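Take each chain as given, in its own frame, and dock them per the hints.
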Amino acid sequence: MAETTLQQTRYTPQQIQKFRQRIIITIKYILLIVLALLFLFPILWSFINSIKPPSEALAVPPTYLPTQIVSDNYTELTTFGRVGLVQHVSNSAIVALLTVVGTIILSTLGGYGFARFHFPGKNILFIMVLSTLMIPFQSILIPLFVMLVQVELHNSLLGLALVYITFQLPFGIFLMRNSFLAVPQEIEEAALLDGCTSLSVLYRMMLRLVFPGIVTVAIYAFINSWNEFLAALIFMTDQNNFTLPIFLTNVRSGLYGIIDWGALQAGVIVSIIPSLVIFILLQRYYMNGLMGGAVKS
Amino acid sequence: MTALQSLQGLSWIQRRKITGILFVLPTVIFVLIFFIIPLLMTFFMSFHDWPLFGDRAFIGFDNYVDLTTDRQFLKSLDFTARYTLLVTPPIFILGFILASLVRHNIPGIGIFRTIFFMPVVIGLGVSSLLWVWLLNDQVGIINRFMLDMGLVTKPQLFMAKPDSAMAVVILSVVWKTVGFTMILLLAGLQGIPDELYESAEVDGAGYFQKLLYITLPLMRRTIALALILSVIGSVLSFDQFYIMTNGGPRNSTISIVYWIFNNSFTYFKMGYGAAMSIVLLVILVILSAVQFYLLRDNT
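Note that the protein sequences, when read in sequence, are chains A and B. Using the working numbering, you'd call the opening residue of the first sequence number 16 and step up by one each time. Using the working numbering, you'd call the opening residue of the second sequence number 18 and step up by one each time.
It should be emphasised that the hints constitute simulated quantities derived from the structure, not laboratory data. The structure presented is a predicted model; accordingly, all values stated were derived computationally and were not measured. Check before you lean on any hint, since a few could be wrong.
Examples of chain B residues toward chain A, derived with CB under 7 angstroms [what the hints assert, rightly or not]:
hint, residue
1, Thr44
2, Gly140
3, Leu146
The calculated DMTMM-like cross-link candidates involving lysine to aspartate or glutamate, where the alpha carbons are at most 20 angstroms apart (straight line), are [claimed, not checked]:
hint, chain 1, residue 1, chain 2, residue 2
4, B, Lys178, B, Asp66
5, A, Lys43, B, Asp211
6, A, Lys33, B, Asp95
Glycine residues also receive a C-beta, built at the ideal position from the N, C-alpha and C atoms.
Next comes chain B alone, as it looks inside the complex (with noise of 0.2 angstroms):
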């Protein structure tokens, strides 16, 4: 009650900031506390050798050092980025598509775009477990139907060799995420005025032209975002891996995230993962400091 009336004391502008900090408080607390905190510690846990259980100590910058020879982290930074480079042109591309085939409003277009979106959101966790069956070599439909058509004569091991687990991981991911980058590349594709292409088409253009002098230089913002949006989504790669491939065949499909899982949460060398969540950490806010200047308002 003391804390009521001494708040009446106060003049209404000191009420409603005192009001205002305490709309904002919980979050600011829940941000702290589950962010900020962390962020901080993983700073902090990154220079100690800091097992679950047992005596952690303070080794400087060890864990940096033994990254630079951990030949397995290696490769995941090296698969990481060629995953990443394979598998955004394919979502781009047939995310572009998508966008053109839907854009105008044709009667029952409003189905195919629903269609063409509902796999984002499906988890990513659940639809790799719904791929990995489709491409088992056993029950899976995809081998059954390849054998019926004559593609191939014995069904296929899709997760025995490193590029065919690699091409089925792509496709099973641009099928869960392709309606995400269309969805943003249809927003772009609309906001461009049908005037432009109407007096170009009387100038004679074709559909090329039009294409690269009209709609991908009025659409560079959109197009920018959409691939830094799934590059950064491909270089936190995880469930898929984990999940189709389980890392192999021979640990040629361990991404980043799941050797820094894998060392912190089945090695426990958590100092360790955290060094490698910090290699992590620069990366993306190098990716998303590349996308802020590829954003920005001035262009």
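Same shape as in the complex, but just chain A (with noise of 0.2 angstroms):
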């Protein structure tokens, strides 16, 4: 009996060893668990509040829980303005679509033509593109506003596009520069040899060989064009041309009326969704542009 008694209360070393490590990853996951559900919250409470019904969403004090589940602030919100949320959804798609193709496009070009080819002038012309890295958008938006109005742009989603393909252009460049660079160059030569063009090597052959690096650029410039503020808000003058993010700014300052809060959070999740679901999906692209933009550079 004795000699169980102590063989149950003395650990090897390997064991105590063992057992403090259980405790350490059990503490691990509890922190985890709990940072996850305070990082959760705001997004789920604003669902919450986008399902209930409008009367209970604009309770005082308000109710945690709905009493029953309702899509009614998501079609009020149909109604808000004067074009009402549709067509804000679709403004704010419209400007992504285009940034997305035109800085697919220009990088796509640009990034092969300054791994593969040189000509004079070319490490300048690099380095120009480059540094605009530097120089945050904020300090040219005047100049851009100023500019876009006198070829009639400003307003338009063309026009808001195309400064977004801009600031979307140093990553892109440097990123599908870069994915050019990886492939080895033999196997461009032996087409070339045969008599192909430049540009049906770079598009029969090279695009399916940097395509990681095109998906990259594209959720880069779908995300920061879909929640891009400060530029919108300037270059949108009509009300009608507002995207999504300056049409639920106005819901929320109460430019449609009393501030409806079940319809603002309504608005708030159709906006969150397709930057989490894209990112969800195609996380690994994500964090490779992630680590070939910001770390490198």
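Here you go:
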């Protein structure tokens, strides 16, 4: 008897070590779960509020959970302002689409040019493109506005997209150039000797090889233009052309009558979903961009 | 066709040169029109009285002289500096804690990394709209929760006082951006070989000794990058103040970009706004230079 109790209480150093590690890992998981809940809470609560009946969403003090689940806040938001939610979502989508397509085309062509060709002034031009990273776009918005007014591209979705494309280019060019540099040169040389033009080599062979880079550039172009606030606030002077964040800011400031918090949270959810879905589905490509863009620069 | 025919007359190398130029030309044109020219124009405009409509006039350095006596501009510089100093430490410290927690590949860790990073892909404008509702004194759930917990006796008007307005904006921005710092620091942490820690443990080093003598020194560059990116982001802040505090109470939360915005696009004093933009530009170029210095290769 005495011997067994002795064996039970005295642990070997390895057992103690193992025991300590188990405690540490348990504490770690508890911390992680608590923090994860705190991080999820704002989005979760916004969602819960958006599916409350409108009267409950406006209750003072607020209720925690809805008594019934309805989509009224979303349908109400479609009647806000002059053109409603759907038009503003489509404005944002059009700008994002134009930005994505434009950024992909320009960065692929430019990245290929900078990676594979030699011509006078190449380094200076490359440095010029990249140096724009150092200058905040916030400091050139005034002349951009003046210029867009002159050519009547202010207040136009295309004008906004052109500005967004330019903001995306340094990152796009940098990433695509690196993608092309990672492809062995021999493959192209064979095709060029066979008489293919440079453009068809790019189109037929290279695009497939640098596809991951293109996806990364597209994700950033989409998320950044979909979320952008300041330039859209300045350039879009006509209500009908407001992008989603600007429209929602007006819902919040009471431009469309009394502040409808339920509808506002419905709008927040609508504008969060595309970015979150793209990020979660294409996380690998997104992180590649982060490491290639931020860490190396 | 004549252009093509004359191309065929050129040597292969010359043709490659021209093709290369054509490939980068669209990008160069975009950067010239939408970046270089506006940049030069900002300088040009800053020496003018430039209303949106009506005549503009060259006024030399008057805009810059006016800046030195513009109390709201000086206040916005001071406010932006204080905001930057206050928001950077919590982002960095929480980012470091999160990075340490998600460092090792224990089961389910990917989900936690994703959750902590999620707010980063939400727009700052939209996240501000979300937080302004969470923090509202009447319909906000945070006030309801604090009342139910007995932490406060009546709903708090967070945006009514400069200090509490600053505090809640910081809270929302930390939530929104800390995931980015976490990922940067995570990459840095994972770059440190495990053997270093193991041999330190053999020598009897504790957690803080390992942190002080291994982790922090080896992560200098990553830490510098994380800090500088967070400082640059804070100096350029606008959305959170425009949406959450509206610059109030009593114009106490107006950042530099906010004051540029007001002057240029509310009062339409665009020359004056351009002069302030130049000041902002100089600040940012200095910060970028600091970034390059800290991240230079021979450290």
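Output the indices of the hints that this structure fails to meet, ascending. Result: hints 4 and 6 break, sorted rising.
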